[in-house]
Amino acid sequence: MDVQQTYLRVIERISLEHIVLLTMLVSSVYMLWDSFRFGIAPAATFPRMMGSVVLIMTLLLIFRSYLPEPLRSVVADSPDLIDVDEDFAAQEDDEETEEQISVVDRPIHDSLMVGTLIVGFGLLAYAIGIMWASPIFVAVYGLWFRLSWKIILLLVVVSLLIGFGFFEALGLRVDRGEIFLTEGVL
Amino acid sequence: MSATQAIIEATFTLFAWPTFGWVVVGIILGVIAGSLPGVGSAMGMAIVLPLTLPLGPVNAIVLLVSMYSGAMYGGSISAILVNVPGTGGAAATTLDGYQMTKQGNAVKALAMSATASATAGFFTVLTLVLFSPILIEIVLMFGSPEFFLMAAFGIAMITVVVQGSMVKGIAAGTFGLLLTSIGIAPNAPELRYTFGSLALYDGLDFIAALIGMFAIAEMLKLAAKEGGIADEELDMSGSVTEGVWETFRYPVTVVKSGYMGMLIGAIPGAGATVANFFAYGEAMRASKDSESFGKGNPEGVISAESSNNGTIGGSLIPTISFGIPGSGSTAVLLGGLLMHGLRPGPQLFGEELATTYTFLLALMVGNVFIILAGVFLVTRMGRITQVNTHVIIPVIVVLSVVGGYSLRTNWIDVLTVIGLGVLGYMMVKHDYSIIAFVLGVVLGPIAEENLMRSLQLSDGSFLIFVTRPLSLLIVILIIAVLAGPYVKPWLADRRAG
Amino acid sequence: MSSETNKQGPNRRRFIKYTGAASTIGIAGLAGCADDDDAADDAGADDAADDTGEDDFPTQDIRYIIPFGEGGGTDTYARQMVPEMDDRLDVNIAIENISGAASLRGTGEAFNSEPDGHTLCAFNPPSTPVSEMVNPQDFELPDMEGVCTYARTPFVIVANSDYEIEGYNDLMDRYEDGDLEVFSGKERGGVDHVMALLMQELHGLNWDTYVGYDGTGPAVQATISDEVPACIATDTGSEAGVEDGSLDLVVSLVSEEAGGTNVFPDLEDITELGYENIDFISNLTRGIYAPPDTPADRRQVIADVVEEALATDAVQEWSEDTGNVVEFGDGDFADQVLQDAYEIIPENVDLEEVREAAAE
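Chains as they are written, first to last, in full-length UniProt numbering: chain A, 1 to 186; chain B, 1 to 497; chain C, 1 to 360.
Just so you know, these hints were derived from the structure itself, not from any lab.
Small disclaimer: the values here were computed from a predicted structure and weren't measured.
Mixed in with the good hints, there may be bad ones.
What the hints assert, rightly or not - The list that follows gives simulated cross-link-like pairs (lysine-lysine, DSSO-like), each with its CA atoms no further than 27 Å apart:
1) B:K225 <-> B:K429
2) B:K256 <-> B:K288
3) A:K150 <-> B:K221
4) B:K225 <-> A:K150
5) B:K256 <-> B:K295
6) B:K102 <-> B:K288
Isolated chain A (complex conformation) (with noise of 0.2 Å):
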């Protein structure tokens, strides 16, 4: 199982927040170079103001452990207003069970193939169109998942009817991709 221990380590490894941190960071820091590249100066005056804000909140986040006591505590502990939780905001996370990797029984975390599932998707949708990726979308999901044959078969069927649907109310050519299929099948 060495594989899967390189797995697991390499996944502890890797923090989301870090992720969330870097993208803002990287993303402001190029959106304010970018602005002094631009023709018309009022243009750039919106994206150099939140640019800003972005870049001093988002330093202020990655080195928060060094910062002096009472500006710490201000960026990292939150306010309490109004002390209830929100309508989305992590109502449940605080129960979130780490120490299970998958519910059925597979060597990935859940929510990490999942969302490898659909990035693929995505990519097979701009190759091959909407609606013919779909279907094997849901059906290597399924059987990632061990759903039964009945429920699989449900949802590839359900799958293409989506997108005729699509086809046939909004006349969405959801029948061509992009690289294979181009003149589309409907």
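Keeping the supplied structure of chain A fixed, place chains B and C upon it in accordance with the hints.
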């Protein structure tokens, strides 16, 4: 057009086919979305949004508000039956609702929840309609500088209200605002960050961002949870009629909780969840029998369920007047308004007044269907809560991707749905408010456009934001909101010291 | 009226600098029209083989490209007209919204489609041509073939009634005296802004600052609330404000011979006052176009169907109920408004100057 004329026109529009049909469809879809834990109103509405494209503005908005209303009730179904709130707004409903189920009164609780939801929903929206002429006067006082400041106020409010570090909230909100500067600048022919591609000419589509943040991110979260949402057998016993009558034995609780919900809902950022607990707490405080709360007291269910439907009327106030949605659901609703060419503010209260009244009336009438659903379908609805998570996830993902593509037949939108979905998941995991981010994405274009225009009006001087009395007032409010959490403990310390 | 915005393109110089990259990526962005071309060529070969008599047209479903989003003005018209057109043809007409990039994505897609009459595209001179001129594309928009026009939207100037402005000359005096400074309309760099600059140059309307709004509706609203004193607006967009007395009509920007305004038939126009005609830009025409080299007789088949569709009770009633005026114009007229836009606008307007004006 006068308000009376508009209401008459709205009545005719609403009760004509097919508009009326969309009320029913909306309520049913909403109840289903609300009762599926992990789906809820914001996500359900976000997924339906692209499908409203061929409907035309009136029917589309009627469908969306009806879903919003239906979901508020739907959230109580899983709260009562399986102790899992379908939406955050039904969190307090679990306290007494699930106890009632355990005592063999599931159906009674569900009928009570429907009646309380519908009654409170009806009266709060009616209040909104009655007060709308005053609201119109206020909205008409707002000009470009005020609209920019209100957008800033909305973001500030959210970062304070949501849990987690305020710095994280501000970072998430301004990052959303920043991303909206991709594409052509409002009011100047400058292309920004498009890498020379026409696909990015109009920037990222905020509806794609909504779908990504609410649907894909939530699905990734849901994937990590144990298979079926509820595996246990459902015990559907109790009396429907008793439930309906029981509700009317507590008229004060219904009215008080409903209006509390309305007031709290009107504050951007404080949504149904907050209202839910506030109303529950108040009902408990006022009750002679507060001991029995949490042990299956019907009044607990009634107060909680009245309040969350009450928030709808309240949350619509900032949404349709200033374009500041206070919650995920209203963010999606605002997306729907903008997508169909309806701009919040003067337009919705001027030339589109009849449209505005049509969907407000639809909300009122929709409550009748909530009761009907609660009374006639309730015994069957329990099964919804038992749908396997792994059936929901792939279907929602497919709907999200195809929905994203349908917005502009632009692959950038599919990339946005998936990319921001993954980013949103990571943000949720670490308490970066996705509602602040989404609000940033939705408000960005409005904020920038009004900022640029204010500066055009003032010849580039930022003083325009403090020299007008109304602007100055909003600036002071923003400062108070942002500084409040830090000044409050400091003041308390001083007083104590 | 509609939410459709007519945003304008980027810096011309910068765009030329980037043309190489822009066109390749642009094509990828255009839903792979390079591949479509191949597909279309194959289809074209088949078509030519069995294309003995022209009577057969149309033989397959017609693709009607709307380069604007659902719910916009152009889309609204299309969805009214198409059912009536469907009834009069043996084939279906499928509306395809390819919106974005100031209508250039959709028009580009149409331009590169097979010119067999089965692809049509709606766009509105001079708005789309101005977008293309400011943001030059790798297709020749003026080569599109006119099928017909189905509506016309004339522009007028309205002012907040508190100022009691009496006509165009009075408005001009107020700006001259410095009494008024701000003038407004849709976004800077767009058609309204170009009109405002033209009026400044040709007529001497000396406004000091041009403030842009995201559409006619918001501009009219801002005039009513006195954020700005006067604006350029469409006749239908200003009708309600004029009726309830919050707005005063100043002048019609479209001359009588070009049709004037149906909404305000008594309003005097700028040419009556002796000012230079600016019809080529103040008279927005909604037209249907086909890819270059689409046979004339096929275009005529479509034009005839559109003409019949516009005359039906359903469309007429809709037009009366909503104030969306319908007005048929033949293919020559459609061609003419497109060519006029490309000939007259560059003669009169320095597009580079428009950009600079937008930057102020």
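Do the hints match the structure? See the list:
1. B:K225 <-> B:K429: holds, 14 Å
2. B:K256 <-> B:K288: Between K256 of chain B and K288 of chain B the Cα gap is close to 16 Å, so the pair holds against 27 Å.
3. A:K150 <-> B:K221: Holds. K150 of chain A to K221 of chain B sits at ~25 Å (cutoff 27 Å).
4. B:K225 <-> A:K150: holds, 22 Å
5. B:K256 <-> B:K295: Holds - the C-alpha atoms of K295 of chain B and K256 of chain B are around 22 Å apart, at most 27 Å.
6. B:K102 <-> B:K288: Given pair K102 of chain B, K288 of chain B holds - Cα atoms ~24 Å apart, limit 27 Å.
Consistency with the previously given hints is maintained throughout, with no hint failing.
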